[in-house]
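Number of protein chains: 2
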Amino acid sequence: GADNDLYINQAIVFIEDAIQYRSINHRVDSKSLWLYRWYYSRTCQWVLSLTITIILALVFIEKPSSLTITSDVRYRLTAWNPPCGLTESIELLCFLVFMVDVSVKSYLIGWEEFWKNKWLVAYILTLIVSLTDWIVSLSFFCTEAVRIRRILRPFFLLQNSSMMKKTLKSINSTLPEMASVLLLLAVHLSLFTMFAMLLFARTKDGQQDKEWVGYFRNLPDSLTSLLVLLTTANNPDVMIPAYSKNRAYSIFFILFTVLGNLFLMNLLTAIIYNQFRGYLLKSVQSSLFRRRLGIRAAFEVLSSTKETPANTQQSYVSVGALLRVLQKVEMDSCCKQAIVRSLRTCSCDQLSAAQFQKLFEELDKDAIKQHPPSPEYQSHFMQKMQIAFGHPYFGYLGNVVALANIVSICVVLVMDADKQPSERDDFFLGAINFVFILYYVLEMLLKILAMGLKRYLSYASNTFDGLLTVILLVLEIATFAVYGFPHPGWRPEFTGLLSLWDMVRLVNMLIVFRFLRIIPNMKFMALVVTTLLDLVKNLRAFAGILVVVFYTFALTGVMLFKGAVVPLGNISNNNNEKVPYKSILQVVVLYFKEKCDLMALFRHLQAEVIYFLLYLLCINLICRWAKIYFVAWWLISSVIWVNLFVALLLENFIHKWDRRCHREHLSDIEYQRTVELMFRDVLEEPTEEELMEKLHQHPHLQLCR
Amino acid sequence: GADNDLYINQAIVFIEDAIQYRSINHRVDSKSLWLYRWYYSRTCQWVLSLTITIILALVFIEKPSSLTITSDVRYRLTAWNPPCGLTESIELLCFLVFMVDVSVKSYLIGWEEFWKNKWLVAYILTLIVSLTDWIVSLSFFCTEAVRIRRILRPFFLLQNSSMMKKTLKSINSTLPEMASVLLLLAVHLSLFTMFAMLLFARTKDGQQDKEWVGYFRNLPDSLTSLLVLLTTANNPDVMIPAYSKNRAYSIFFILFTVLGNLFLMNLLTAIIYNQFRGYLLKSVQSSLFRRRLGIRAAFEVLSSTKETPANTQQSYVSVGALLRVLQKVEMDSCCKQAIVRSLRTCSCDQLSAAQFQKLFEELDKDAIKQHPPSPEYQSHFMQKMQIAFGHPYFGYLGNVVALANIVSICVVLVMDADKQPSERDDFFLGAINFVFILYYVLEMLLKILAMGLKRYLSYASNTFDGLLTVILLVLEIATFAVYGFPHPGWRPEFTGLLSLWDMVRLVNMLIVFRFLRIIPNMKFMALVVTTLLDLVKNLRAFAGILVVVFYTFALTGVMLFKGAVVPLGNISNNNNEKVPYKSILQVVVLYFKEKCDLMALFRHLQAEVIYFLLYLLCINLICRWAKIYFVAWWLISSVIWVNLFVALLLENFIHKWDRRCHREHLSDIEYQRTVELMFRDVLEEPTEEELMEKLHQHPHLQLCR
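Here the protein sequences come in this chain order: W and X.
Under UniProt numbering, think of the first position of the first sequence as 1, with each following residue one higher.
Under UniProt numbering, think of the first position of the second sequence as 1, with each following residue one higher.
Please keep in mind that the hints were generated in silico from the structure rather than gathered at the bench.
Fair warning: there could be bad hints in the mix.
Any copy, or any two copies together, can satisfy a pair, since identical chains are not distinguished.
Claimed, not checked - Lysine-lysine pairs mimicking DSS-like chemistry, simulated, CA-CA at most 25 Å apart:
#1 K523 / K63
#2 K282 / K656
#3 K165 / K31
#4 K210 / K419
#5 K537 / K169
#6 K694 / K116
#7 K384 / K328
#8 K537 / K523
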């Protein structure tokens, strides 16, 4: 009846929750379930992601942006300036999507839960503030000075990812200890600053106090000098005047650097690593709990259908009901087939909770990649060919040839290094590349012959290799079609899209890139590369948070320092002698010409650049704000984020390394590794009691028992 | 009889070996034992250390040294040039000491063992080479070009410390994996170099290829540019010409930096940390084994004395024999007393092996520091005083006052920052410092009154505090004696050793330094500081190896680049436009003026300086050697050593942190922590069989059974 249909639908949704590691605390009546499945359907989620991308990308075409091909203000064209109302209407559309999103989300978790969920409340507040700002903006015809809603935009990215929210919580719990070290750093800095001011005081002999003039003139100067010394950006400069007066002064600087840079900075790494050691494990553990809980919830609702006989002792689920559920569940088809298969082989008609749980363990299993078999040839000759070209040694030969190609390119580059472009002869490079590319095509064809196309493509390294070979072949054919075959003095005029020289360069770059196919053949390299790939997976949440921070910082910078940086001419006249590094200064000025360049901030984690930006802004008398802004930027991007990165890398790598030692023998099988699988040996299964307790706390589901 | 005396002597030496964690594999006849105790006596070891220090320090006065107060070549006096034969005769004396050392050592371990010991063989070879070089040197009247023996000197330091030898072995075992990462780094570098050369090739339009001219002109240039980019020293510079042409070029640089600097460099940290995780534990474990082995050997030889009744089943040691041994053993008197005490309370007359071992566990125990009791006063008033001033709050008040003093100094410094020295009035600072110092003296006296002198001094923080207070008082009295009491306009003429301003500055510096007394009152700070102190203890071996490496590098540098660097004038005329950072260049030139300055290399781990030294040397056409030299220097000092340091810090800190969580309640008791104690919970006791097997392998000791 209707009840049974409801239970079936609930079970479907719970199993889907389990597969996606989602929380099951949502409404479970029929309509809500339909809405829930619709909301988490691929299309809906894709639309939401697209909206977030669009609203974040708007900044590149909005007014203070200067995104042009060249960053050099002397050559660049003025960036396209969208008319007032264009970006604003796109924004409005995005806001509408977000409003639908937030209302669906709040409805689904129920109004009572809504007020407990701070993220949702913040979401609504952000939307309200953004809309108000939008209205203000339109009523000023886009000429308003400050746009708060732009700084709020990254919030939409943040709230949409549960991984990022989790990571943020983790970072949050590390903050107290980080704050302790930063406090220590501040104490260290201030004590040394006082010491420095006393040590390098102004003397009566005006010639002798270069140190005082340059770096320790007053308290803010001294603090800045030593703060920058902490990043070692001004390392020899700040020490030299004192050192050349008396070598013993260097003790002060050495002590400061060793204590601050070696000890305290690395202590920060140690603390963050210590805090994050359990982070991955904990997050995987809670994912596992969600999965088990979803499966258990599905079991409980299925066991209350009328198809099952009333049994007071233990609840059972009929196989038929489960099969009906499985038909409608959206999941990986391989996995579904495996579950249905084992359900069919199972002789029983009823499933207990344990059996039910066990069925779905298929979800956790390593999906061991089966390579398709090689074709079987009848002809004796073909079989011999197959053995010869399917052998690993043929692959090694290919690597050696690729290396030879690289070496030959290198030799030509070295020989041609100092030649004028007009003296250059492309014949030699063209000819050898032609020969090598022929060999690559031959190698590819022979391998496909030996392994069959399907088996060939099932190896990632072969796909990479084959794709590049095909591109190289196409390029080479295009080159010959346009410029004819290579001959001595092959230097034809420019024709078509690219000049011959550009074509040859492109081919060479692709050949260098193709050389990366050796990676799987070198054991240690393969380990490192897989670690890095794993790391990239685990780092997505961190990268997201980094984007949020970068975005906010960049926009704040644009707002704060709009018009603060003047072109080079003005500065060099006034403060010529004070400018320490001319070249970098020019760089900075090119970047910041008349408004702050958004991309510049994205690119520079380096303390050194920050130091000079700071210096430049100080000339323009908005020193204090700029200092605070850049010190905050340095702390977050350079100190904290890099340390988080090192901590995660250590965690990943050490875990991987231990595993490698344990199961050396399994290294041939290609696993599709996920974080969940990496930790499987150490994960704890949640107990029956924990699961049932959590189920009974469900705000919308009323279990019969 | 004589046998008994021999056994007693053997037991004494074995117990001393156990205390000092020395190996027991040495000769055990009477004369050798006497020689052994003489060799390991404090005087002998002290003479040896002094000799090593002297021979290492010789370099500061030897010919190419330039150790003067100022490092500025324009002002400095010519360094004292010792006459030929002076340093050489000191050297000969040192060599004589080393020859005695090596012969005693080889005799003591026996000739058979000698050939197995590579360190001793290398020691003898080094001595032979050094002496030959010495003879050559004298026969040329000290004008020879190359002195090999100077580069060999650090070996004497290395071979004298067993910790350093052990650490070197550890580092050695990490080398293969480090080499893998370095190989990866080299592949990364070379592929990107080829890519860069293809990407930033010379174009026909001469104006456009700034990138090519500046950084990628030929293969060595490109390699250098990217190698330096790996250290981020030339980070914005190298990117800018390309970036200002087309923003997309920055992808290349970002990719290179992220892969090379973030991933591969940190991977090196991870690998070294992973290798060193067990290092401390393993070294402590082997120390424990040596201790147990020494004790067991003492038991075995004592059990063969005639005093003990023949017992075929189990061997025993008489208490009397042990007491006789203990009398002669050199060890910590506290520990000795504790052992004798527990021996007296033990009712038995004979000790089994287990009992014997247990007696000496006193050696491993935490020496819990007992503070002497406070004096007991009769008078009611005095008792109240004692409660008031012995209370922690009185200490906190002292901290607050010290902080107030610091703040007041800071305020005066800020106010006086821009005043001319002639306008400055020392009255205000003089007056407040006088008041504060009076308070400090009062605080010290009251504390001594409340706690008694002995208890006061038993706290390290009080000793530090009291010492500084006394120095401050003396300084203040001296100031007043010379310059009179402070009054408005207190600016008397220079009298005595220091001017009034210098005196005031010195007092202020000491006050800032005294502020460190707050450390024990802040929990997290105390933890960090104790971790750092532990680290310094554990780092001694690393520091030794670092000194060896620095010394060798510095001397090699002096030899290689003698006369290679010319004064500033010459360069600035020729290559003025090419020099990117003028200021640093000046620094380098000041350092290296006509010969390489030894101290300069000691001080600069920073990649940036190395880059400019390199640049400078390249101008002088000895580029290739210099490049190899500095890249090696950067790899060893900046990459490997810093990573080793981070690994050790992580190890120490994480261990400590875990311990802190376990025994929060014990934090009041001051432990005299050593590495041994830190790991006691996880150490494994060696088994009886292991000990006996090792004893039976002893080359000189023939056990009866």
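Structure-based check of all given hints:
no. : hint        : verdict
1   : K523 / K63  : neither (51 Å within a copy, 51 Å between copies)
2   : K282 / K656 : both (17 Å within a copy, 22 Å between copies)
3   : K165 / K31  : neither (29 Å within a copy, 75 Å between copies)
4   : K210 / K419 : between (48 Å within a copy, 16 Å between copies)
5   : K537 / K169 : within (19 Å within a copy, 37 Å between copies)
6   : K694 / K116 : within (17 Å within a copy, 68 Å between copies)
7   : K384 / K328 : neither (49 Å within a copy, 84 Å between copies)
8   : K537 / K523 : within (21 Å within a copy, 38 Å between copies)
The earlier numbered hints that this structure contradicts are 1, 3, 7.
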